Amino acid sequence: MRILLADDHDMVRDTISAYLSSEGGAEITTTTDLPRAMKELEANGPYDLVLLDYNMPGMNGLDGLERALKANGGRGVAILSGSAPTRTAQEALDAGAIGFIPKTMGAQSLLNAVRFMSAGEIYVPVELMRQEAAAPTHPLIAQLSPREVEVLSGLCRGQSNKEIARDLNLQEVTIKLHVRTLCRKLDAKNRTQAAMTAKEAGLF
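Residue 161 in this note's numbering sits at position 161 of the sequence shown; the count goes up by one each step and never skips.
Watch out, some of these pointers could steer you wrong.
Unchecked claim - Below are the EDC-like pairs computed for lysine to aspartate or glutamate, each with C-alpha atoms no more than 20 Å apart in a straight line: (1) Lys199 x Glu172; (2) Lys70 x Glu40; (3) Lys176 x Asp187.
Quick caveat, the hints were computed from the structure, so don't treat them as lab data. All values derive from a computational prediction rather than experimental measurement.
Whole structure, please, built from the sequences with the hints as guidance.
Put into structure tokens, the structure is as follows:
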């Protein structure tokens, strides 16, 4: 298996790479952002499987997925995520991803998933689909755009505007505007109250 792994978090990237290489016998190439991944695909692709971190620089939501799919010559491209909302998994699949991998997944399960996807099969954790089926869309979520949900997720994790901007590859001023809109939509006085409202509603 030739796998391209793109993730800007050193520990995650190195751990996954080492395990897939030692236990799965995979040939792993790693990069830290989408522009470097695109250059790697152009120079040495296609790969049997491309794993993209949903929040790394350059991704811009699922735009990066679409670009990687075109560059990988029809081979599988999957999304790695540590924090994206459950519905992002379905959006990724709808956009052509061959799988959606939570970073909380166990090592052996990850290896099995990678083998499955490398063989051309679509993979999504059963627990994720159960969550999606069991959780009706909350009225608050229905008011928000996908980008606003991502920003709200960052607020709930206690991230600063700068950190959220980095994760979503946006300008900090754009995040400030999203936070202002979120506060208005959630009837919150500030970002802390917006996060509390979301948590109390069970959104995150």
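Hint-by-hint comparison with the structure:
{"no.": "1", "hint": "Lys199 x Glu172", "verdict": "violated, 23 Å"}
{"no.": "2", "hint": "Lys70 x Glu40", "verdict": "holds, 13 Å"}
{"no.": "3", "hint": "Lys176 x Asp187", "verdict": "holds, 16 Å"}
The earlier numbered hint that this structure contradicts is number 1, and it is the only one.
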